[in-house]
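For the protein sequence lines, the chains are A and B, in the order given. Counted from 1, the first sequence has number 365 at position 366 by numbering that gives the first Met the number 0; the numbering is strictly sequential. Counted from 1, the second sequence has number 18 at position 19 by numbering that gives the first Met the number 0; the numbering is strictly sequential.
Read the hints as simulated data drawn from the structure, not as lab findings. Misleading hints may appear alongside valid ones.
In silico SDA-like cross-links for lysine to any residue, where the CA-CA straight-line distance does not exceed 20 Å [to be verified]:
#1 A:K619 <-> A:N521
#2 A:K409 <-> B:K2
#3 A:K624 <-> A:N521
#4 A:K623 <-> B:G13
#5 A:K355 <-> B:N65
#6 A:K286 <-> A:K245
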Amino acid sequence: MEITEDNKGKRVLLLGNEAITRGALEAGVDVATTYPGTPSSEIADTFSKIAQEATKQDKDPGFYFEYSVNEKVALEIAAAASFCGLRALTCMKHVGLNVASDAFMTYMYVGCKGGHIIVSADDPYCHSSQNEQDNRYFAIFGGAPMLEPTTPQEAKEMTRIGFDISEQLELPILLRTTTRLNHARGPTVFNALQKPRRKGHFEKNPLLVTVPSTARAKHPVLLQHLDDAEKISEKSPFNEIITIGKPGDIGIVASGVGFDYAKEVAEDMHLNVRILKLGMTHPIPRKMCEKFIDSCETIIVVEELEPILEQQFKTFAHDIGSDVKIIGKSTGHFSRLYEYTPDIVAAAFSKFFKTKNPYPQPFESKLKLPSRPPSLCPGCPHRSTYYAVKKAAPKDTIYPTDIGCYTLGKAPPLEIADLLLCMGSNAGTACGLAVSTDQKIVSFMGDSTFFHSGIPPIIDAVHHNHDVVITILDNRTTAMTGHQPNPGTDIDGMGRPAKRLNVEDVVKGLGVEHIEIVNPDNLKETTAAFKRAIDFKGPAVVVSKSPCILLEVQRKRKAGENIAIYEIDQSKCKQCKTCIGRFGCPALYFADDKSIHIDVTQCNGCGICTQICPFSAISKKGGKK
Amino acid sequence: MNKKVNIVLAGVGGQGVVTAANLLGKAGINGKVNVFTSEIHGMAQRGGSVSCTVRMGDVSGPLVPNGGADVIVSTEPVEALRYITYAHKKTKIITDTNPLIPFTVAVGGEIYPSLEDIFSELKMYGELYPIDALKIAENAGAVITRNSVLLGALAGTDVLPFPSEVLLETILENIPEKYKMVNKNAFVQGMNAYKKIKQKI
Numbered sequence: 000m001e002i003t004e005d006n007k008g009k010r011v012l013l014l015g016n017e018a019i020t021r022g023a024l025e026a027g028v029d030v031a032t033t034y035p036g037t038p039s040s041e042i043a044d045t046f047s048k049i050a051q052e053a054t055k056q057d058k059d060p061g062f063y064f065e066y067s068v069n070e071k072v073a074l075e076i077a078a079a080a081s082f083c084g085l086r087a088l089t090c091m092k093h094v095g096l097n098v099a100s101d102a103f104m105t106y107m108y109v110g111c112k113g114g115h116i117i118v119s120a121d122d123p124y125c126h127s128s129q130n131e132q133d134n135r136y137f138a139i140f141g142g143a144p145m146l147e148p149t150t151p152q153e154a155k156e157m158t159r160i161g162f163d164i165s166e167q168l169e170l171p172i173l174l175r176t177t178t179r180l181n182h183a184r185g186p187t188v189f190n191a192l193q194k195p196r197r198k199g200h201f202e203k204n205p206l207l208v209t210v211p212s213t214a215r216a217k218h219p220v221l222l223q224h225l226d227d228a229e230k231i232s233e234k235s236p237f238n239e240i241i242t243i244g245k246p247g248d249i250g251i252v253a254s255g256v257g258f259d260y261a262k263e264v265a266e267d268m269h270l271n272v273r274i275l276k277l278g279m280t281h282p283i284p285r286k287m288c289e290k291f292i293d294s295c296e297t298i299i300v301v302e303e304l305e306p307i308l309e310q311q312f313k314t315f316a317h318d319i320g321s322d323v324k325i326i327g328k329s330t331g332h333f334s335r336l337y338e339y340t341p342d343i344v345a346a347a348f349s350k351f352f353k354t355k356n357p358y359p360q361p362f363e364s365k366l367k368l369p370s371r372p373p374s375l376c377p378g379c380p381h382r383s384t385y386y387a388v389k390k391a392a393p394k395d396t397i398y399p400t401d402i403g404c405y406t407l408g409k410a411p412p413l414e415i416a417d418l419l420l421c422m423g424s425n426a427g428t429a430c431g432l433a434v435s436t437d438q439k440i441v442s443f444m445g446d447s448t449f450f451h452s453g454i455p456p457i458i459d460a461v462h463h464n465h466d467v468v469i470t471i472l473d474n475r476t477t478a479m480t481g482h483q484p485n486p487g488t489d490i491d492g493m494g495r496p497a498k499r500l501n502v503e504d505v506v507k508g509l510g511v512e513h514i515e516i517v518n519p520d521n522l523k524e525t526t527a528a529f530k531r532a533i534d535f536k537g538p539a540v541v542v543s544k545s546p547c548i549l550l551e552v553q554r555k556r557k558a559g560e561n562i563a564i565y566e567i568d569q570s571k572c573k574q575c576k577t578c579i580g581r582f583g584c585p586a587l588y589f590a591d592d593k594s595i596h597i598d599v600t601q602c603n604g605c606g607i608c609t610q611i612c613p614f615s616a617i618s619k620k621g622g623k624k
Numbered sequence: 000m001n002k003k004v005n006i007v008l009a010g011v012g013g014q015g016v017v018t019a020a021n022l023l024g025k026a027g028i029n030g031k032v033n034v035f036t037s038e039i040h041g042m043a044q045r046g047g048s049v050s051c052t053v054r055m056g057d058v059s060g061p062l063v064p065n066g067g068a069d070v071i072v073s074t075e076p077v078e079a080l081r082y083i084t085y086a087h088k089k090t091k092i093i094t095d096t097n098p099l100i101p102f103t104v105a106v107g108g109e110i111y112p113s114l115e116d117i118f119s120e121l122k123m124y125g126e127l128y129p130i131d132a133l134k135i136a137e138n139a140g141a142v143i144t145r146n147s148v149l150l151g152a153l154a155g156t157d158v159l160p161f162p163s164e165v166l167l168e169t170i171l172e173n174i175p176e177k178y179k180m181v182n183k184n185a186f187v188q189g190m191n192a193y194k195k196i197k198q199k200i
């Protein structure tokens, strides 16, 4: 594998996420943990691929890696490795840090021993997320030194060097990234790989037990560490001033991908400005910033989401008695919403500099285009489960849902998603609805979400006898984020055999008395099972078991098995639209003459539509490779 | 050669748009130029509209500004039009001519415009190169080589800051041995298809 080549100086194209993994390998990381989540997933997936390859060859990859059950557990495992003197990395999406935050906040008091990088992959614009929270606040909130890369190359370097900074300060480092860094590719130059240490040693220390007296003793230590961190920040090569054109008295302050846009737009507009590029943004290099303020008449702050740098610069300006003008979100030049683009930065710059925007007004199609949102795949077993539930449940049933592919059930025609907050919220909100309304409640979560945070609310439902139906869509994978294994699979992230936990066994162990286990490929039985579960007074759990169709198709292709092809007999079809209008498989379409057909290229051969058609017009026609 | 080269790749999740962007990026490394790409993963890939950007030369970030694309390559006609914000009058728009009708048409009553309307609209915003990549791929020996056809067409333009062979070789070194020949055919035929239309413009 290219990513594990010990080839110093080699220039390769890496995804920002791959670059982070490479940086960790160059720093000799010993333990890496995660719970998958876009846009962070490929960091861990790269570790997983390397480990699987090594396992296949019966070799040790040189590190331990796991897809942990959730982000909190992932952080705790890596923190423990650090306490043993090992180097550790934990990666997660921004909202994952909410889950891990209980550990995160006190971890800063305790501090680390081996270097520890915590990657938070933020998602401005919510490309694949339920919110666009700015996790730079977590660095300030918890007291973690923070690095913010602008390119894949820098992401690798910040990870590599971050381990040294972490050990020097005895504090975990927050590597804060955004989607446009995680999912951007750029040229990256390899450094040498370090031979990782494998086993550490845990030395007992009463200060690792955060009882109140320890916590009180450790809080001032954290503040001292942050003072030391500020000194590192003042000298960090990640903080630098770049001059565009001739140095003028207008300064730009930028971090993350905001810097990329600011630099390019300033060049395209032929501006004369100096850009203070901040890569280590917590603790911010205060003296450097004050000096920059002192040298400027105006400062434009370019940062996505919250005005964190902007507010600090206002404070610094006030403290040193400067009357510098600060342009940013508070002056209306920039928004706190969504991700930035070169166009957004250019519009703000041209408004301020009163010069022409270098980029043209975009063309807009005069034709109305059909929207193309993501949808459940053709053959997805979730669609069958949903179809059966809709047949079984009374009309005003409430459907709390969860984080995963199955959220796509929100779209017509199924429209079977009514409430969603976060991972595991389906069952918790189901309990709340049960005590608040007389409506029926059927909630949904995937198997990975069940293990992640779906278990405690089921216990709550059992203990309080909430009248809910909780559905676990068990497709035996973590599909949406790229098919990672979870505790329900018999193989782990390193490709080693692992103990498989059966969802229904766990549910039984939680004390649920009414459990239905169904295969959604059989609509009739699935519908009947949901009817029984809905009629049951008290908590009922339905485990709907069928593998992800994408994995199933992949398996069939590998095994050389045919994928069935289905066809609609036009002489039998009465165009009742049950298949399109109620089931809504994307492989079904209307031809120009309004007859209904199956797109063979899209059909994944599940054949559920044959069970749905009231006129038996759909049948198997043959197979495709 | 342009100081900056901006390419936008558009299509539908599952059509290999991200893979094509990755191959172009790798070709940039093999061609020894500065290169950035950006892509969207996760939720956006379940049959949704997808766009990737590939930038080469004197660029510092992965995103293409409005009207900044030298070429738009789309694996689906409506998707070419969706990302027309990136076009300027001289943008070369290479699109596969085979529509993939979104489920919102069947289910939501939305309308997929006629190809004629799409193409006449596209012509207003750039130089249009409609290519039946599916048919060419079939002729080349395998439908899965569709994106090699389109990348071949892209290589037929003069925008890549390295010889077209670099892109072809990059594609070939990233696919299994048994598919190399068909992909090479598809690439060359895509390039020829582009040149044939170019002569008429």
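Against the structure, the hints come out as follows:
For a cut-off of 20 Å, the pair hint linking K619 of chain A to N521 of chain A stands: about 16 Å separates their Cα positions. Distance check on the hinted pair: K409 of chain A and K2 of chain B sit about 45 Å apart at the alpha-carbon level, beyond 20 Å; violated. Distance check on the hinted pair: K624 of chain A and N521 of chain A sit about 25 Å apart at the alpha-carbon level, beyond 20 Å; violated. Our distance criterion of 20 Å between C-alpha atoms is met by K623 of chain A and G13 of chain B, whose separation comes to about 18 Å.
The straight-line distance between the Cα atoms of K355 of chain A and N65 of chain B is roughly 14 Å, inside the 20 Å bound, and the hint therefore holds. Distance check on the hinted pair: K286 of chain A and K245 of chain A sit about 24 Å apart at the alpha-carbon level, beyond 20 Å; violated.
Checked against the numbered hints listed earlier, the structure breaks hints 2, 3 and 6; every other hint is satisfied.
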